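These protein sequence lines map, in sequence, to chains D and B.
When we follow this note's numbering, the leftmost residue of the first sequence carries the number 1, and every step to the right adds one.
When we follow this note's numbering, the leftmost residue of the second sequence carries the number 1001, and every step to the right adds one.
Derived by calculation from the structure, the hints in this document are not laboratory data.
The model shown is predicted, which means the values in this text are computed figures rather than measured ones.
Positions of the beta carbon are idealized from the N, C-alpha and C atoms, including for glycine.
One or more of the hints may lead you astray.
Said to hold, decoys possible - Facing chain B, a subset of chain D residues (Cβ under 7 Å, in silico):
(1) Ile13
(2) Phe15
(3) Gly71
(4) Lys72
(5) Asp108
(6) Arg118
(7) Trp148
(8) Ser149
(9) Gly150
(10) Ser166
(11) Pro167
(12) Arg170
(13) Val172
(14) Asn216
(15) Leu217
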Amino acid sequence: MHAFTPKNLAPLIIFAAALAWCWPRLRPVPQATFATISPTTTPLGEAPHAELLPHAGPTAHAVTLASRADGKLMAAWFAGSREGASDVAIFSSVYDRGAWSAPQVIVDRRRAQHDTHRLIRKLGNAVLWRDAHNVLHLWFVSVSYGGWSGSAINHMQSSDDGRHWSPATRIVTSPFWNLATLVRNPPVALADGGVALSAYHEFLTKRPEWLRFDRNLRLLDQARIPDSAGTLQPAAAPLDQHRALALLRDSTPLHRLRAAYSNDAGGRWQPPIVTSIPNPDSAIALHRLADGTLLLACNPLEAHRNTLALLRSRDEGRTWSAPMIVEQGAPDDEFSYPALLQDSTGVVHLAYTWKRQTIKHVALSPAQIEALP
Amino acid sequence: MIAAQVLIVAWLLNWLGLRSRLVAVLLALLALVPVHGGVSMAMALRGLWGDPSVTTLQLLVLALVGKAPPELRDGWRAPALITLLAAALYASALGPWNFDLYRLGYQPAALVAILGAIALLAWWRGQTLYLWLLAIDLLAWRTGWLESTNLWDALLDPLLAFALLALALRNAYRAHRSRAVLPA
């Protein structure tokens, strides 16, 4: 046993003092609730119509949509010589009076490298989102070494509708060299001012992750969907203040979307159930419409990404309508990685990868959406 | 925390045979100099393994001033125990299982209770250095200056785990060999 001398007591006292100082951060955080769900406040454009966005590079992929505080629709996606190339950057474009602006670089590899003080070899998926204080957030994937399973998530934000962006910061989500967390789908606002971001893991095994941040974007918690190995890119929608549905892309030979529910705003999830909707290991988009129904954009096939369709659920994702085909092409065409947004007039904006060449925007009128059974 | 990579490089230089620790640190400072496309060696290393844990930083400093804890430097039980803990953490974090030890590090009351027990045991055994190490880990985590908000990342990292695994194997082999040559 140690003698009770001042010299020997000092480390014990320091340790006890450290414990006392840490106490506020040790207690469990209150259970999350979702913020009141409201559509975007302004009309974002006329419908129906469709157009291709201006080319930002030889290839383009993985678009994400957000409404700006000034009422304009903003898209962001990655483009460059090819997916995974070092010249790939995250571009944005703004839809104004029926036309998309020339793409502007939000962040490229060199800026991400400079901001995060580490080597970065390539950029990938981005997620754009506007919070209740009209701050635009951009989460994006970067890789320093290896393939996408070496990914990590970064975050930037803009308080002036995307004209200027804060330096990128790194989010640590894994204890093993922070390997393999990616994002694809937009987050959900929490009532406490925080945000829940659906992410996914790709190193050794694929599975969804649910990241909860506080109002200062400090990562508070990280939840798994049980028994979900082999699925990825969760697309989540709140059903009310407490319940949420996440639809999961399927990388298994089953080729069927999975559906997982949470009753405590993502703190715990039920094991996913297999839906009847085919999925060719391809990204999806899920959006809760103003009337409370759910809209899903996906490739409803077991193979190929040459057909993009919309489906609607009026019973919180338990059953889905027949697909309404938005675009269909030859087997080697690709119409994939959709993003969805609804404005205050009920117009639904759908954007997606068009043949890997550029991004396409389709605006659907409320009548077209209502036609979905 | 880019400067943390300098400590790793200095320790590597020392380990590779550069006797003077001061020279090793001074040489390691060159790792901050951009060499290609604005990327320094420190940035390349940080891209590879991120920031080391606060425990690793403290042990690197202790090693560079010649005060590495003898239980870790020469023993095999403590390195083996920490390596096993790290292996469990990484297996649960990366595997397909539903339980994730890493999640315990966000609101880490349970984890800190275990650390408190370890600290008391170390104090009881007169190994007060471990109390200092753990206290500094906790203080660094609480300041919020670290890139990670998870306490596990202040306590452990894969580099430390690999280094301790190597030490455990080396020291266990040495202990076994010294027992074998003892006269009956």
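Going through the hints against the structure:
1. Ile13: 9 Å, violated
2. Phe15: OK, holds: Phe15 (chain D) within 7 Å of chain B, min 4 Å.
3. Gly71: Hint violated; Gly71 (chain D) Cβ to chain B Cβ min 35 Å, cut 7 Å.
4. Lys72: It is violated, given that the least Cβ distance between Lys72 (chain D) and chain B is near 34 Å, above 7 Å.
5. Asp108: 12 Å, violated
6. Arg118: 4 Å, holds
7. Trp148: Status violated, d = 15 Å.
8. Ser149: Hint on Ser149 (chain D): violated, closest Cβ of chain B at ~10 Å, above 7 Å.
9. Gly150: With a closest approach of 9 Å, the Gly150 (chain D) hint is violated.
10. Ser166: Not OK, violated: Ser166 (chain D) not within 7 Å of chain B, min 16 Å.
11. Pro167: Cβ of Pro167 (chain D) sits 13 Å from chain B, so the hint is violated.
12. Arg170: 6 Å, holds
13. Val172: It holds, given that the least Cβ distance between Val172 (chain D) and chain B is near 4 Å, below 7 Å.
14. Asn216: 9 Å, violated
15. Leu217: 10 Å, violated
Comparing the model with each numbered hint stated earlier shows that hints 1, 3, 4, 5, 7, 8, 9, 10, 11, 14, 15 do not hold.
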